[in-house]
Amino acid sequence: NAGVMQNPRHLVRRRGQEARLRCSPMKGHSHVYWYRQLPEEGLKFMVYLQKENIIDESGMPKERFSAEFPKEGPSILRIQQVVRGDSAAYFCASSPKSVSYEQYFGPGTRLTVT
Amino acid sequence: AQSVTQLDSQVPVFEEAPVELRCNYSSSVSVYLFWYVQYPNQGLQLLLKYLSGSTLVKGINGFEAEFNKSQTSFHLRKPSVHISDTAEYFCAVSGGNQAGTALIFGKGTTLSVSS
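Protein chains in written order, with our numbering: chain E, 2 to 115; chain W, 3 to 117.
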């Protein structure tokens with residue numbers, strides 16, 4: 002059973018470009034969480050999605066960031082007009098149900114903004 | 003609101019020595035508690051979790067943690083560490099019975115094991 006997949010693993014963008022990060026949850030999992038890890042910091046929650054629905058986006062910056070989890074395909078975290086401060090590791094976790102204690106993490110996407 | 007404090011940012015130890023990584027939390031509701039390990043350039047791996055029941059929780063790789071409600075602590079211990087235990091360790095908390103709640107992480111403790 003494949004784990005949570007994220008791609009790309011490393012992404013370099015110039016300031017002002019768009020970054021698109023993908024997360025394929027484990028088979029049978031319909032719940033996805035996105036977290037961001039800034040340098041020297043722990044992970045910070047960004048958004049929680051179920052298939053076709055955003056359940057909790059209280060951790061998302063108000064501008065430039067969006068997330069989706071369509072009926073078919075991976076969950077996408079999109080960052081428009083990236084700035085240097087967006088450089089971080091972005092992790093997704095998937096869960097088979099709506100509980101916090103069964104979150105399985107992917108390897109992360111490391112975004113570098115130059 | 004819930005929060006997690008990891009009291010040590012770095013813990014250097016020698017191989018085969020015991021280690022304790024400290025974690026305190028604050029919450030007004032019952033909580034679930036977790037320890038994750040992150041090896042360089044990798045994702046997070048669950049070491050152990052406390053949901054309910056026995057306050058002493060055993061995890062993978064010989065680690066264990068004790069939930070202390072009165073001291074709001076969940077310290078991680080290992081009686082004898084290996085070089086391969088060198089990694090970043092994160093303590094996390096979530097609301098106990100609330101559906102779909104995210105994990106709240108501490109800032110992490112870097113465990114460095116040397117020979």
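The hints are simulated quantities; they were obtained by calculation from the structure and are not laboratory data. Glycine residues also receive a C-beta, built at the ideal position from the N, C-alpha and C atoms. Fair warning: there could be bad hints in the mix.
[Said to hold, decoys possible] Computed footprint of chain W on chain E; a stretch qualifies when at least three of its residues, placed anywhere within it, have a C-beta under 8 Å from a C-beta of chain W:
hint: 1; region: 14 to 21
hint: 2; region: 42 to 53
[Stated by the list, open to error] A few chain E residues that don't get close to chain W, going by computed Cβ distances all over 10 Å:
hint: 3; residue: Ala3
hint: 4; residue: Lys28
hint: 5; residue: Gly29
hint: 6; residue: His30
hint: 7; residue: Asp57
hint: 8; residue: Lys63
hint: 9; residue: Pro71
hint: 10; residue: Lys72
hint: 11; residue: Glu73
hint: 12; residue: Gly74
hint: 13; residue: Ser88
hint: 14; residue: Tyr102
hint: 15; residue: Gln104
According to the definition I'm using, a residue is off the interface if its beta carbon is farther than 10 Å from all beta carbons of the partner; does Pro71 (chain E) meet that for chain W? Given a closest Cβ separation of 19 Å, the condition holds.
Checking the smallest CB distance to chain W, is Tyr102 (chain E) really beyond 10 Å? It is violated; Tyr102 (chain E) is separated from chain W by about 5 Å at its closest Cβ, not greater than 10 Å.
Against chain W, does Glu73 (chain E) keep a CB gap of more than 10 Å to every residue? holds, 22 Å
At 10 Å, judged by beta carbons, does Asp57 (chain E) keep clear of chain W as stated? At roughly 7 Å from the nearest Cβ of chain W, Asp57 (chain E) sits no farther out than 10 Å, so the non-interface label is violated.
Hey, does Gln104 (chain E) actually stay past 10 Å from chain W on C-beta? Per Cβ check, Gln104 (chain E) is inside 10 Å of chain W; nearest 6 Å; violated.
Chain W versus Gly74 (chain E) - minimum CB to CB distance exceeding 10 Å, so not interface: The assertion about Gly74 (chain E) holds, with a minimum of 21 Å to chain W.
For His30 (chain E), is the shortest beta carbon distance to chain W beyond 10 Å? holds, 13 Å
Minimum Cβ separation between Ser88 (chain E) and chain W greater than 10 Å? At roughly 15 Å from the nearest Cβ of chain W, Ser88 (chain E) sits farther out than 10 Å, so the non-interface label holds.
Is the nearest CB of chain W more than 10 Å from the CB of Lys72 (chain E)? Holds: least Cβ distance 19 Å, greater than 10 Å.
Closest CB of chain W to the CB of Ala3 (chain E) still more than 10 Å away: holds, 13 Å
Under 8 Å between beta-carbons, do enough residues of the region 42 to 53 of chain E, three at least, approach chain W for the coverage claim to hold? Held - the region 42 to 53 of chain E has 6 residues with a Cβ nearer than 8 Å to chain W, which meets the minimum of three.
Does the claim that Lys28 (chain E) lies off the interface hold, with its Cβ farther than 10 Å from every Cβ of chain W? holds, 17 Å
Of the numbered hints stated above, those contradicted by the structure are hints 1, 7, 14, 15, listed in ascending order.
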